[in-house]
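> Given next are the chains, with one letter for each unit.
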Amino acid sequence: MTSEPVLRCEKLVAGYARPVVGPLSFDLHPGEVLGLLGSNGAGKSTVLKAITGVARVFGGSIRKRPGLRLAHHRQLPVRPHEFPLTGEDLVRLTGAVHRNPPDEVSRLLHCRMDQLSGGQFQIVQIWACLGSPADLVLLDEPTNNLDPATNAVLSRLIREERNGRTLLLVSHDASFIEAVCSRSFPVDR
Amino acid sequence: MFELLLDPLFHLPFVTGLVLAPLAAVAGVYLRLRNEWLAALAYAQVAAAGGVLAVVIHAPVMAGALVAAGLVAIAKGLLERAGNDHFAVFILIGWGVALVAAAFTAHGDMVSKSLMDGQLYFTGQGHLVSALLLLVVGAAVFPWLSKRLLMSCFFPDHFSANGVPAWRHHVLFDLLVVAAVALATTSFGVMAAFALVFVPPWIAWALSRGWRWVLLLAAAIATVAYVIAFVLAIALDQPFGPMLVLTFGVLSLLRLAGRLRRPVQPSADVSAGA
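Going line by line, the protein sequences match chains A and B. The opening position of the first sequence corresponds to residue 1 in this note's numbering, with each subsequent residue numbered one higher. The opening position of the second sequence corresponds to residue 1001 in this note's numbering, with each subsequent residue numbered one higher.
Derived from the structure by calculation, the hints contain no laboratory data. Note that the coordinates shown come from a computational prediction; the quantities given were computed from them, not determined experimentally. Hints should not be assumed to be uniformly reliable.
Partner residues aside, some chain A positions facing chain B, computed with beta carbon under 7 angstroms [as the list claims (entries may be wrong)]:
{"id": "1", "residue": "V54"}
{"id": "2", "residue": "L70"}
{"id": "3", "residue": "D89"}
Derived list of chain B stretches under chain A, where covered just means 3 residues or more per stretch with a C-beta under 8 angstroms from a C-beta of chain A [unchecked claim]:
{"id": "4", "segment": "1094 to 1107"}
{"id": "5", "segment": "1147 to 1161"}
Idealized CB from N, CA, C, for every residue including glycine.
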């Protein structure tokens, strides 16, 4: 890759009260799908949280391209027990309403979010991020709650519906990373 | 008895309440979104305490209510998303201060009793002007504020990730809520103000599908309940506050309808098109 990276992490050490991951160095180039692969507790999600400013950076640096717009799908998305928003409300919020959702998502958009299964909610949340105008989409363990068939839907969304944008995703599932990412990067303690 | 409804004496309080009731309910929708619904009672109780204290020091009741509720909002801001536990403490402190301050003067005692009973008929022109001002400001900032409050709830990392300061919409929202609740408290009384902020969103939450409908339904429920309570209070010669709370008690049954409705399931499995 010769283009200017949208994101550059150099010797990044991140954590909360104390460091939990790093030092890590990687570049993310426009249009790339980079997968951070590692076992549970390796600190993959912490890397994403450091990029979004939620986790603390103890050392090294994170450089974002000026004006970079980010969308972040959390490992545990906010899902109150009772809430009356529909999927359409959610995608309108992120700006994903300006793109036509795939059939698998559009049939869920008229439902209240608290009436969807965990997997259905997950796929709508991911579409809200993927369909948004963000330049860089961070997906943290996007296969959580998904059965194999929905997992295949997700893989297709990432391959065909990301509209050329850059993705950084985190998973402990090596086969998923291999299937959807253009490159993977190991994260270990 | 009903001819009193047409008495010019009641026109100003009626119109003031008609503006404030849906405003308070819409504020309540966003408090519920933030899981801060108890804030309404805390602000109302502290506003009442501030109102009574204002009497003791010969200051305007509404100014005292606004300052006291504003101080609670600042304390909440310093505690960073305080949660309902802290609001419970503010309620207790507000209740204690209101009663102790009321004991100092006869006028304070009268104001305290009026705020606890909820006597809408003492509402003055200042309340109406303030309510209209709040309506104009609220309507002007609503599109900007609503989107940010929803994003804060469902995509909380959005602001830090994109270098957008989140404090602006949190502070603005707290200020608007403080103003709405303090105004409602000095117009309707403590419990009526709390009921207006809490009950309509609580019912609308269960009945609505979609955010726009939650807002519309909450505002409609608050307006209908307000009109019913106003008529009942005059017809039965009772304080307005308890009439409003009892009206909401009956309307609360509507929430059952939402709970009993069959959940709407998607027409097909998510993987059907894969």
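> A separate judgement is required for each hint: does it hold in the structure or not?
Consistency of the hints with the structure:
no. : hint         : result
1   : V54          : 6 angstroms, holds
2   : L70          : 4 angstroms, holds
3   : D89          : 5 angstroms, holds
4   : 1094 to 1107 : violated (count 0)
5   : 1147 to 1161 : holds (count 11)
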